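Chemist: Fit chain Y to the known structure of chain E by using the hints.
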Amino acid sequence: MARELILMWRFKMKLVKSNGNDYAFGLLGKGVSVMGDIRFEDKLQVEGKVVGKVASEKGTLIIEEGGRVEAQIDVGVCIIRGSLEGNINARSRIEIHKTSRVRGDMTTPVLLVEEGAVFNGSVGMGQEAAARLPEVTESKDSEERLKVKGA
Amino acid sequence: MEKQIELPRGIKDLVAALSSFIRRKRTDSNVESQAPPALRVAGYNLVLMDREGQVVWTREWDTGGAFDFGPRYSLSVFCRFTNHSKQEVEIAEYEIELTGEDGLVLNRFGDAFGDSIFVPPGQSKVFSGQWKL
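Keeping their order, the protein sequence lines are chains E and Y.
For the first sequence, my numbering begins at 1 and goes up steadily by one.
For the second sequence, my numbering begins at 1 and goes up steadily by one.
Keep in mind that the hints were calculated from the coordinates and are not lab data.
These numbers come from a predicted model, not from an experiment.
Treat the hints with care, as some may be off.
Calculated lysine-lysine pairs in the BS3-like style (CA-CA distance at most 27 Å, straight line) [claimed, not checked]:
1. Y/125 <-> E/58
2. E/98 <-> Y/125
3. E/58 <-> E/30
If we strip away everything but chain E, and leave its shape as in the complex, we get (with noise of 0.2 Å):
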């Protein structure tokens, strides 16, 4: 039934995929379950339920009213109106939205919550994020300057 349910799973990430240019959005709709570790490159969204592990370099996890998440979570952009239980790591963004039932931990440095959601953990900042400054005085990086009395 699981591998089933995979499958139909996988079908539908294909389907949505093949939409004429390189964006990989993936959908795991209503009344499908996985288990296991998931890992995505763009946008995967959430209407269903998953329980384990959710991994993506930069890409966006959009958890909807309706879906369930039980799991480790370790992505770029991380927006939630549904139900989270587990500690999520965002390198760029959290969104929670005010259908949202939130349970643990949080590293990012961009926090949106919106009136009326649900969240009980804690908020701090990832050593991803701060990893993303380079070394000053060697950066050739216009975006960031450092000016040192005397120097």
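Modeler: Coordinates of chain Y only, in the frame set by chain E:
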């Protein structure tokens, strides 16, 4: 001669409740129309200054795609500064600027330290900003 019709008490109560509901709705919609418009945020900058107000360090980040920050939301931003230079860096105040898709500053959060803080070489400090429209 005008004749007044006496409504049954249940209907009177219903009419009163309905008119009160309509009044409340009107007030709510007025409040909503006065609410500030949502900001479309696409990035943020950290600006560190010394006690003379001179900018000692600045950097910009993107938010991983633009998002709407509206009146019913609260927004927290955390920025980490790591001193990779060989000298101590003095910081007396800082600003975090929210920027739009065009890079223009939409809103600012600023804070100052009573006494300057000094970040030794190799050390980090996290600066945070909170917004609610």
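Chemist: All hints, please: hold or fail.
Modeler: Hint check results:
1. Y/125 <-> E/58: holds, 25 Å
2. E/98 <-> Y/125: Measuring from Cα to Cα gives roughly 32 Å; hence the hint is violated.
3. E/58 <-> E/30: holds, 25 Å
The structure is inconsistent with hint 2 alone, although it conforms to all the rest.
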